[in-house]
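Q: These are the residues of each chain, in order.
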Amino acid sequence: MRKSLLSFTALLLTTSVLAACAGSASGGKLKVGLVTDTGGVNDKSFNQSAWAGVQQAAKEFGWEAKFIESKQPTDYEKNIDQFATEKYDVIVTVGFLMGDATAAKAIQYPNIKFAIIDNAYYPTKDAKVCDDTKKDCYDDGGLKNTTSLMFQEDQVGFLAGVVAGGMSKTGTVCTVAGMEIPPVVKFVVGYEAGSKWMRSDAKALHVYVPSFTDPAKGKEVGNSMIDQGCDVVFGAGGNTGNGGLLAAKEKGLMAIGVDVDQYNTYPEVKDALLTSAAKNVDVAVYEYLKTVNAKASKAGVITANIQNGGVGLAPYHDWDSKVPDTVKAKVKEATDGLKSGSITTGYQP
Amino acid sequence: MSTTTARSIVKDIQVSGLRGRWWVTALFGVLLLVAVWMLLNLVIGGKCGADCVQGTLAQTLRVATPIAFAAFCGVLCERAGVVNIGIEGQMLMAAMAGYAVNLFAFQALKDSIGIEAAGNLSRWLAVLAGILSALILAALHAVVSIEFKTNQIISGTVINILSVGITGFLYRQFLAENLPPGPGTFPIAPIPVLSQIPVIGPILFQQKPLTYLMLILAFAIHYVLYYTPWGLRTRAVGEHPRAADTLGINVYRIRYINVLVGGLVAGLGGAWFTLEAVDVFNPLMTNGLGFIGLAAMIFGKWNPFGALLGALIFGLGNSITSTVSIFRPDIPSQLPQMLPYLLTIIVLTGVVGRATPPAADGEPYEK
Chain C
1 MRKSLLSFTA
11 LLLTTSVLAA
21 CAGSASGGKL
31 KVGLVTDTGG
41 VNDKSFNQSA
51 WAGVQQAAKE
61 FGWEAKFIES
71 KQPTDYEKNI
81 DQFATEKYDV
91 IVTVGFLMGD
101 ATAAKAIQYP
111 NIKFAIIDNA
121 YYPTKDAKVC
131 DDTKKDCYDD
141 GGLKNTTSLM
151 FQEDQVGFLA
161 GVVAGGMSKT
171 GTVCTVAGME
181 IPPVVKFVVG
191 YEAGSKWMRS
201 DAKALHVYVP
211 SFTDPAKGKE
221 VGNSMIDQGC
231 DVVFGAGGNT
241 GNGGLLAAKE
251 KGLMAIGVDV
261 DQYNTYPEVK
271 DALLTSAAKN
281 VDVAVYEYLK
291 TVNAKASKAG
301 VITANIQNGG
311 VGLAPYHDWD
321 SKVPDTVKAK
331 VKEATDGLKS
341 GSITTGYQP
Chain X
1 MSTTTARSIV
11 KDIQVSGLRG
21 RWWVTALFGV
31 LLLVAVWMLL
41 NLVIGGKCGA
51 DCVQGTLAQT
61 LRVATPIAFA
71 AFCGVLCERA
81 GVVNIGIEGQ
91 MLMAAMAGYA
101 VNLFAFQALK
111 DSIGIEAAGN
121 LSRWLAVLAG
131 ILSALILAAL
141 HAVVSIEFKT
151 NQIISGTVIN
161 ILSVGITGFL
171 YRQFLAENLP
181 PGPGTFPIAP
191 IPVLSQIPVI
201 GPILFQQKPL
211 TYLMLILAFA
221 IHYVLYYTPW
231 GLRTRAVGEH
241 PRAADTLGIN
251 VYRIRYINVL
261 VGGLVAGLGG
271 AWFTLEAVDV
281 FNPLMTNGLG
291 FIGLAAMIFG
301 KWNPFGALLG
311 ALIFGLGNSI
321 TSTVSIFRPD
331 IPSQLPQMLP
341 YLLTIIVLTG
351 VVGRATPPAA
361 DGEPYEK
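Protein chains in written order, with the numbering used here: chain C, 1 to 349; chain X, 1 to 367.
It should be emphasised that the hints constitute simulated quantities derived from the structure, not laboratory data.
Don't take each hint at face value.
For lysine-lysine, the following DSSO-like pairs were computed, each having C-alpha atoms within a straight-line distance of at most 30 Å [unchecked claim]:
hint, chain 1, residue 1, chain 2, residue 2
1, C, 203, C, 339
2, C, 270, X, 110
3, X, 110, C, 251
4, X, 208, C, 251
Sample of chain X residues with no beta-carbon within 10 Å of chain C, all distances over it, derived [said to hold, decoys possible]:
hint, residue
5, 25
6, 347
7, 359
For the chain X half of the interface with chain C, some residues (derived, Cβ under 7 Å), not all of them [to be verified]:
hint, residue
8, 176
9, 283
10, 284
Glycine included, C-beta positions come from ideal geometry on N, C-alpha and C.
Construct the complete structure from the given sequences, taking the supplied hints into account.
A: Structural data, given as structure tokens:
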């Protein structure tokens, strides 16, 4: 009995390996691969957005595109290897946490072009931009084939904070944040600065949850802060943050989404959703791939910010009539201030 | 083995000290609670008053619910001698099945019987779907580990991996794109009269249905395990299957039924995620709570009340984490995040002492 089970398992394994091989046949087209973070390609957030950008470019330029999902951080390098083995030309990695894996693999495969979202790598140690941020410099040959797609989350977080400060009745606003990594911290710092710029007596709470896939925990954390008087919950942590939005909705309070317009991706909470602090990951990925298509892609850092429209608030949707004009005017004022540089978010890298 | 020897072995099991005393557990819990509360106030500067205690404890019970279900599943399986580390996978599967059925049943029903009724009905249908899906995985575990006598750790691991794969696949195929909104989670169901009791009411009696079910299950499993013939047979099979067999107990049958019932209980734990906690499903959303449940089971020395206490301690650590983070943003966030695990280790090593599993735990029985 045991033997037959074993052979059955072996058969299953062989079939699945064969199936995996069959998918990779291609005919000379440029191939672009996307490695997602643990949130997966349907995370209704930045992984999904990045994949949308890849798909758009692949369709337009007639490329072949494929994604691999990382189930855990140890998958990052493995997944990049898989694309490299299958001779992919461009590999897009999604998320700050994939920084080390991407750097290691970019050195290992110098002929593949890499693009990473949310982690800034600089091409060589001697590059000018590297002097004041030494921690991101590589002196072992540099990353000449890697482009970093960065976002100024603190700017759009600031605008979300202005809306929150303007709408809050209690004067307390809060953030259900994901892992304490730079893109998340930027959102939190911006949000809190924005709410205090809007009303100086604003109280801002936040809790970091060490996961992006734990909505149940996010909701409990949101509940705790609601108990402390918070009435505008900013969910800045993928699925974990979504739990915070739900907590606000169930208590009849207000919420602000993140990364994409969550009115579309999480309609269950639309009654509470004021707006979303969006970063246009799809546009950034698409624009980068366009430069690849034109054979003009460059290593280094490309920053999306409020000036070039790479980040911004999503529409108010159902709340449009309920957000007073005074608040909207303040958002406009803050936007102009951030653009001109007369307002800073206070984020220190 | 002679019948006389077998009888004396089973007699020993019947009176053995593995039985839990609920009041010892409760007393220990209260003492721990007071200590933690005092420590907490020391850290956050005395800001945790009555409201905060009430909120924290209500949250503790909510967070502990899925962990306790997992632990109960572990108790049922391991008391019969079957190690089940596939609880995590069973819960994940149930979470997805529950989410999907809740959504689709609601869409199918809402036009014919009205939104309110459709919501109620589809939520309970979803719970049913959740426990059935976990039951299928439990049956797989039972067949592989009892019938084919495969290593039970391997079988459990396979179930966990299988479940991640299946839920991930089905989610992407059917559940990821633009679905119409579902009816949402169970509303809070306050229990009449009892929920009006000050302090205790809001903590214990203003919860959602699965949480009540979890508390009832703790008593039910305790009763079954220690006061019914079935419980004695289960324990005999877990401690000394040879002796049980000699006395005419069908070892395989007992083990099958316990693992299957365990599957139902794990299914309730999974349903908690998508029907009681939040109205979304995302891959890997059980986040290892199935394994924490196993830790709670060991902490509770394979007793239902002990396991419940273990789950509550972990839940308490979790809710205190947010309280500390809120009041002390100056403390690096990673420190309070370690709290639940730290608390578990301290309690496990310092207070509980040696935990002895059922003697035949994890050993396939050869006739």
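Q: Can we confirm that no CB of chain C comes within 10 Å of the CB of residue 347 of chain X?
A: holds (21 Å)
Q: Is the interface hint for residue 283 of chain X satisfied, with its Cβ closer than 7 Å to some Cβ of chain C?
A: Since the shortest Cβ distance to chain C is 5 Å, the answer is holds.
Q: Please work out if residue 110 of chain X and residue 251 of chain C have their alpha carbons no farther apart than 30 Å.
A: Holds, at about 24 Å.
Q: Can we confirm that no CB of chain C comes within 10 Å of the CB of residue 25 of chain X?
A: holds (24 Å)
Q: Would you check whether the claim that residue 359 of chain X is not at the interface survives, using Cβ distances to chain C and the 10 Å cut-off?
A: Holds, since 25 Å exceeds 10 Å.
Q: Does residue 339 of chain C lie within 30 Å of residue 203 of chain C when you go C-alpha to C-alpha?
A: Judged against 30 Å, a Cα distance of about 26 Å means the pair holds.
Q: Hey, residue 208 of chain X versus residue 251 of chain C, does the alpha-carbon distance stay inside 30 Å?
A: holds (15 Å)
Q: Holds or violated: is the Cβ of residue 284 of chain X closer than 7 Å to a Cβ in chain C?
A: For residue 284 of chain X, the interface hint holds, since the closest Cβ of chain C sits about 5 Å away, which is under 7 Å.
Q: Could you grab the alpha-carbon distance between residue 270 of chain C and residue 110 of chain X and see if it respects the 30 Å cut-off?
A: Roughly 20 Å separates the two Cα atoms, so the pair holds.
Q: Should the hint that residue 176 of chain X touches chain C count as held when the rule is a Cβ pair under 7 Å?
A: With a minimum Cβ separation of about 3 Å from chain C (threshold 7 Å), the hint on residue 176 of chain X holds.
In this structure, every one of the numbered hints holds.
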